[in-house]
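Following the hints, position chain B against chain A.
Protein chains: 2
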Amino acid sequence: MSFRHVVTFRFVEGTTPEQVQAMVDGLRELPEIIPEMGTYLMGPDVGINADSWDFTINADFASQADYLTYRDHPEHQARIASLVKPILAERTSVQFTY
Amino acid sequence: MSFRHVVTFRFVEGTTPEQVQAMVDGLRELPEIIPEMGTYLMGPDVGINADSWDFTINADFASQADYLTYRDHPEHQARIASLVKPILAERTSVQFTY
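Protein chains in written order, with the numbering used here: chain A, 1 to 98; chain B, 101 to 198.
In isolation and in its complexed conformation, chain A is listed as follows (with noise of 0.2 Å):
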């Protein structure tokens, strides 16, 4: 069984490539420092669908406890409250199994 958590963004008026590439650079360094971490996507939307959401990141666990433990570490809070927070409209996520 594995454990996905999917999340869409919506990002504020006015956000830059800059402040979404900042966003993407931090949260790629947490495979590194979360090992309970499994595959862990992200990018912006191509752009085909006009009514399409901005961001997404789907990120897969061994487990809903490692999931947990991503959810909750603090280096994850840090980069949410410092590079996703500041550019953040709107969020939906689910959490499946599969």
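There could be a bad hint or two in this list.
Once the Cα atoms are required to be at most 25 Å apart in a straight line, the calculated SDA-like pairs of lysine to any residue come out as [claimed, not checked]: (1) A:LYS85 with B:ARG191; (2) A:LYS85 with A:GLU36; (3) B:LYS185 with A:ASP54; (4) B:LYS185 with B:MET137; (5) A:LYS85 with A:GLN21; (6) A:LYS85 with B:ILE187; (7) B:LYS185 with B:GLY143; (8) A:LYS85 with A:PRO74; (9) A:LYS85 with B:GLU175; (10) B:LYS185 with A:ASP51; (11) B:LYS185 with A:ARG91; (12) B:LYS185 with B:ASP160; (13) A:LYS85 with A:PRO31; (14) A:LYS85 with B:PHE196; (15) B:LYS185 with B:THR139; (16) A:LYS85 with B:ASP166; (17) B:LYS185 with A:TYR98; (18) A:LYS85 with B:ASP151; (19) A:LYS85 with B:TYR198; (20) A:LYS85 with B:THR197; (21) B:LYS185 with B:ASP151; (22) A:LYS85 with A:MET1; (23) B:LYS185 with A:THR15; (24) B:LYS185 with B:TYR198; (25) B:LYS185 with A:GLY47; (26) B:LYS185 with A:PHE96; (27) B:LYS185 with B:GLU175; (28) B:LYS185 with A:ARG10; (29) A:LYS85 with B:ASP160; (30) A:LYS85 with A:ILE34; (31) B:LYS185 with B:VAL112; (32) B:LYS185 with A:GLU90; (33) B:LYS185 with A:ASN49; (34) A:LYS85 with B:ASP145; (35) A:LYS85 with A:THR15.
Derived from the structure by calculation, the hints contain no laboratory data.
Just chain B now, with coordinates in the frame of chain A:
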């Protein structure tokens, strides 16, 4: 390069587990109908975060063209109309490459 289509749903109040299962069963027929589809994962939210949405679909394709074949396929569109739309309150999607 892989192309991933990510969707999050919030269902309308009163949606039954049977309606969700009928949607899942209908969508899961698609990979046999649409050979351009790759890995097709979906599931209900596990319920550990109060602000999570209800359901997600993560569909992988070898290319954007293959995704568009899926998106616009009449058998997909028929299931959206009959099985998804009736229970859909809100939807977000992002298409990204990795």
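Hints versus structure:
Of the supplied pair hints, the one linking LYS85 (chain A) and ARG191 (chain B) holds, its CA atoms being roughly 22 Å apart against a limit of 25 Å. Taken as a hint, the LYS85 (chain A) and GLU36 (chain A) pair is honoured in the structure, with Cα atoms around 24 Å apart against an allowance of 25 Å. Pair hint LYS185 (chain B) plus ASP54 (chain A) holds up; C-alpha atoms about 23 Å apart against a cutoff of 25 Å. At most 25 Å may separate the alpha-carbon atoms for a hinted pair to count; LYS185 (chain B) and MET137 (chain B) meet this at roughly 22 Å.
Proximity of LYS85 (chain A) to GLN21 (chain A) is assessed by CA-CA distance (about 14 Å); at most 25 Å being required, the pair is judged to hold. With a C-alpha separation of about 31 Å, the suggested pairing of LYS85 (chain A) with ILE187 (chain B) is violated against the 25 Å cut-off. Only pairs whose Cα atoms come within 25 Å are accepted, and LYS185 (chain B) paired with GLY143 (chain B) is accepted, the gap being roughly 17 Å. Between LYS85 (chain A) and PRO74 (chain A) the alpha-carbon distance is near 15 Å, which keeps this suggested pair within the 25 Å criterion.
Pair hint LYS85 (chain A) plus GLU175 (chain B) does not hold up; C-alpha atoms about 39 Å apart against a cutoff of 25 Å. For a cut-off of 25 Å, the pair hint linking LYS185 (chain B) to ASP51 (chain A) stands: about 16 Å separates their Cα positions. Simply put, LYS185 (chain B) and ARG91 (chain A) have alpha-carbon atoms about 22 Å apart, close enough for the 25 Å limit, and the pair holds. Between LYS185 (chain B) and ASP160 (chain B) the CA atoms are separated by roughly 22 Å; this keeps the pair inside 25 Å, and the hint holds.
As the CA atoms of LYS85 (chain A) and PRO31 (chain A) are separated by approximately 20 Å, the hinted pair is consistent with the 25 Å bound. For the hint pairing LYS85 (chain A) with PHE196 (chain B), the CA-to-CA distance comes to about 21 Å; that is within 25 Å, so the pair holds. As the CA atoms of LYS185 (chain B) and THR139 (chain B) are separated by approximately 23 Å, the hinted pair is consistent with the 25 Å bound. Taking the CA atoms of LYS85 (chain A) and ASP166 (chain B), the gap is about 34 Å. The hint is violated against a cut of 25 Å.
With a C-alpha separation of about 24 Å, the suggested pairing of LYS185 (chain B) with TYR98 (chain A) holds against the 25 Å cut-off. At most 25 Å may separate the alpha-carbon atoms for a hinted pair to count; LYS85 (chain A) and ASP151 (chain B) meet this at roughly 16 Å. Between LYS85 (chain A) and TYR198 (chain B) the CA atoms are separated by roughly 24 Å; this keeps the pair inside 25 Å, and the hint holds. Restraint check for LYS85 (chain A) and THR197 (chain B): satisfied, since their Cα atoms lie roughly 24 Å apart, inside the 25 Å limit.
Distance restraint check for LYS185 (chain B) and ASP151 (chain B): the Cα-Cα separation of roughly 22 Å lies within the 25 Å cut-off, and the hinted pair is therefore satisfied. Distance hint between LYS85 (chain A) and MET1 (chain A) is unfulfilled; the C-alpha atoms sit about 31 Å from each other, more than 25 Å. Among the hinted pairs, LYS185 (chain B) with THR15 (chain A) is inconsistent with the structure: their alpha-carbon atoms are about 32 Å apart, more than 25 Å. Annotation: proposed proximity of LYS185 (chain B) to TYR198 (chain B) is violated, straight-line Cα distance about 29 Å (limit 25 Å).
At most 25 Å may separate the alpha-carbon atoms for a hinted pair to count; LYS185 (chain B) and GLY47 (chain A) meet this at roughly 23 Å. At most 25 Å may separate the alpha-carbon atoms for a hinted pair to count; LYS185 (chain B) and PHE96 (chain A) meet this at roughly 21 Å. Pair hint LYS185 (chain B) plus GLU175 (chain B) holds up; C-alpha atoms about 14 Å apart against a cutoff of 25 Å. Of the pairs offered as hints, the one joining LYS185 (chain B) and ARG10 (chain A) holds, with about 22 Å between alpha carbons and a cut-off of 25 Å not exceeded.
With a CA separation close to 28 Å, the supplied pair LYS85 (chain A) and ASP160 (chain B) exceeds the 25 Å bound. The suggested pairing of LYS85 (chain A) with ILE34 (chain A) holds, with an alpha-carbon distance near 21 Å, which does not exceed 25 Å. With a CA separation close to 10 Å, the supplied pair LYS185 (chain B) and VAL112 (chain B) stays within the 25 Å bound. As the CA atoms of LYS185 (chain B) and GLU90 (chain A) are separated by approximately 22 Å, the hinted pair is consistent with the 25 Å bound.
Using a Cα cut-off of 25 Å, the hinted pair LYS185 (chain B) and ASN49 (chain A) holds, with the two alpha carbons roughly 18 Å apart. Taking the CA atoms of LYS85 (chain A) and ASP145 (chain B), the gap is near 23 Å; set against the 25 Å cutoff, the hint holds. A hinted pair counts as satisfied when its Cα atoms are at most 25 Å apart, and LYS85 (chain A) with THR15 (chain A) qualifies at roughly 12 Å.
Of the numbered hints given earlier, the model fails hints 6, 9, 16, 22, 23, 24, 29; all others are met.
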